[in-house]
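Student: What follows is the residue order along each chain.
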Amino acid sequence: MSDVLLRVRDLRVHFFTDEGIVKAVDGVDLDIERGKTLCLVGESGCGKSVACRSFLNIVQPPGRIVSGEMLFYGGADREPVDLAKLDAKGRQIRQIRGKEISMIFQEPMTSLSPMYTVGNQIMENILLHTGTSKEDAREKAIDLLGQVGIPKPDRLIDEYPFRLSGGMRQRAMIAMALSCHPNLLVADEPTTALDVTTQAQILDLMLELQHNYGMALLFITHDLGVVAEIADDVAVMYLGKIVERATARVIFNEPQHPYTRSLLRSIPKIAMKREELDPIKGMVPSPFRRPEGCTFHPRCPNVMDVCRHVVPSVTQLDDTHTVQCLLYEPEPVEQARS
Amino acid sequence: MANQLLATQEQTDLTMRQDDYLLEVNNLKMYFPITQGLFARVKGFTKAVDDVSFFIRDGETLGLVGESGCGKTTAGRCIARAYDPTDGQVLYRNGDGKVVDLASLNSREIQPYHREVRMIFQDPYSSLNPRMTVFDNISEALKVHKMATPKEMEERVEYLLKRVGLRPEYIRRYPHAFSGGERQRIGIARALVTNPHLIIADEAVSALDVSIRAQILNLMEELQEEFSLTYLFISHDLSVIRHICDRVVVMYVGKVVETSSGLDPYINPMHPYTEALMSSVPVSNPDAREAGARIRLEGQVADPSSPPSGCYFHPRCRYVRERCNHEEPALRDMGNDHFVACHFAEELSLEGVRMV
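Taken in sequence, the protein lines are chains L and H.
Per the numbering used here, the very first residue in the first sequence carries number 1; after that it's consecutive.
Per the numbering used here, the very first residue in the second sequence carries number 1; after that it's consecutive.
Everything labelled a hint here was simulated from the structure, so no lab data went into it.
Check the hints yourself; a few may be wrong.
On the chain H side, residues computed to face chain L include the following (Cβ under 7 Å) [to be verified]:
1) L142
2) V144
3) M147
4) S239
5) V240
6) S280
7) S284
Even for Gly, the Cβ is constructed at its ideal location relative to N, Cα and C.
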């Protein structure tokens with residue numbers, strides 16, 4: 001029996017704009033296990049970030065969680081709480097945000113407030129959730145900054161974010177996110193804006209802290225190298241749906257969905273002889289002009305007639321491997337033929 | 001007009017080390033003054049590029065790699081003469097086989113070379129003028145250099161649009177109507193419009209999605225063959241450089257630390273910084289995860305306005321010794337065209353990227 005921390009079922013997040021409805025997340029099923037690392041990959045605009053924001057219930061209008069459930073087994077009694085049902089501004093979700101589930105964002109400059117010192121921002125979270133004294137909170141903040149590898153944390157705590165480099169800011173963000181020992185850390189492209197050497201430092205740090213705190217990590221990225229480095233499980237997203245989900249080994253060695261395969265073929269690999277890249281043709285379609293049937297069919301190398309009008313459902317290939325593709329569904333294909 | 005200008009130059013005695021070089025950069029320096037106070041008193045210099053030398057052969061792709069702030073972009077811009085270098089030579093072989101020093105030309109004399117050396121920029125959103133149509137954006141250089149009649153211009157732009165994979169019907173549209181990948185294609189067409197020889201691609205694919213990045217990389221390779229282009233490819237993405245480049249130059253804090261023929265620095269690095277850089281690239285193979293401990297660089301890139309003493313890399317180097325503290329290493333020839341700026345390059349045995 002797997003130890004599920006967050007069980008997402010049929011999550012739908014839609015944006016109601018003047019031009020029409022954008023189905024950013026369109027029926028996502030996802031299990032995040034306690035203490036494991038799940039990577040969510042896909043091209044820009046496929047709904048990765050929106051999905052993660054909805055776990056914290058911080059989707060901005062005109063976006064709204066339309067339906068679905070997100071059962072969070074976080075508390076001490078492990079009683080499930082349905083995050084989707086909570087009032088986004090209510091007391092209950094605010095006790096979960098920053099304490100049980102915290103988030104790291106891509107742009108470390110824009111996600112730290114320029115008006116407060118680093119220490120102030122970390123202490124705010126501690127004071128809000130634990131009710132310790134200010135002195136204790138300050139000590140805790142210094143300790144955290146030291147843990148994330150910031151030199152001279154007792155001096156740096158009174159600095160403003162603009163004085164820090166990108167890597168240091170990202171470390172401060174991590175310290176803030178970890179300040180209340182969350183069960184789940186959601187990291188939205190935390191290393192994309194960093195240099196490779198800094199990225200390697202931050203990835204190491206996150207894995208080490210995950211090991212120490214035993215938290216689950218949901219890591220959003222489009223860099224498949226990073227995925228190979230840190231993921232236990234991988235979920236591949238395309239236009240609001242999880243098209244394939246499996247362990248990292250299976251995703252890289254035996255990918256089944258044509259989108260996953262194409263994605264892997266389109267990256268230049270540092271450790272391989274030079275060969276022509278095989279990019280996915282075309283690009284992610286506009287959210288207002290979503291293709292009929294399987295949304296990937298206009299770009300799919302294995303497209304069949306039936307893909308143009310039948311929406312694939314989830315096929316369970318084995319215990320840990322699911323795929324959403326008609327190639328693995330014999331029935332609709334035969335029905336369409338007859 | 002252009003020919004007249006060339007004729008008046010007194011740079012007849014310039015030569016390059018080898019005949020197949022298109023560009024040779026010698027001891028290039030670009031110092032930016034740091035000023036202070038009401039009268040902008042100069043209190044120091046940021047040595048963005050400090051005594052950099054390398055060359056590019058005709059028709060090859062040279063990769064310039066390094067972390068942010070190492071001066072790779074500044075070096076590229078000095079070659080394109082977007083900056084006026086503080087010191088050094090940028091030798092360029094023009095169509096007639098004559099060698100000119102681009103760094104010493106004044107703003108009038110440089111004009112004909114602005115059409116031979118062109119740039120592609122990183123951010124396809126800010127590098128196109130949003131108030132100009134695709135046609136105006138691409139043809140601007142033709143107009144500036146008075147290279148074509150309006151009819152020829154239209155034909156050329158249409159041809160190039162088709163060639164970079166866009167429909168010529170889009171010629172009157174504005175950049176906002178295009179996606180990032182399409183804009184980058186427009187940027188490439190704009191660079192190609194003057195029939196250049198050398199293209200400086202500054203992080204040209206870094207802002208693009210994986211699948212679009214692969215499309216653009218393939219396109220650039222096709223165009224290189226078709227228009228016999230030479231590329232200087234500036235990037236921090238080592239996998240991309242590995243894919244597209246024939247040779248690499250590794251920079252650290254304004255200096256070249258390693259360069260070689262072929263892609264030796266990947267497989268057989270001789271500078272500790274190159275080794276660490278290669279080791280920090282994530283390998284897209286989960287089975288390689290346990291294969292070996294990575295080298296983690298401690299600390300941050302040194303500040304180019306107050307670099308450390310001796311070898312700039314010594315505070316982060318895992319092989320550091322006494323000598324590195326006070327003596328600056330020169331770029332030395334290790335044989336086989338492999339140049340390394342490290343005192344102990346012979347003694348160290350460093351590990352490169354493991355090939356799968």
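Student: Going by Cβ atoms only, is M147 of chain H closer than 7 Å to chain L?
Tutor: M147 of chain H check fails; min Cβ-Cβ to chain L is 33 Å, beyond 7 Å.
Student: Checking hints one by one. Is L142 of chain H an interface residue toward chain L, by the C-beta closer than 7 Å rule?
Tutor: 29 Å, violated
Student: Is the hint on S284 of chain H kept, meaning its closest Cβ partner in chain L is under 7 Å away?
Tutor: This interface hint holds because 5 Å falls under the 7 Å limit.
Student: Given S239 of chain H was flagged as interface, is its beta-carbon under 7 Å from a beta-carbon of chain L?
Tutor: 4 Å, holds
Student: Can we keep the S280 of chain H interface hint, with Cβ of chain L closer than 7 Å?
Tutor: 4 Å, holds
Student: Just to be careful: measuring from the Cβ of V144 of chain H to every Cβ in chain L, is the smallest value less than 7 Å?
Tutor: Violated. Min distance 32 Å.
Student: Should the hint that V240 of chain H touches chain L count as held when the rule is a Cβ pair under 7 Å?
Tutor: 5 Å, holds
Going down the numbered hints, you'll see the structure goes against 1, 2, 3, while the others check out.
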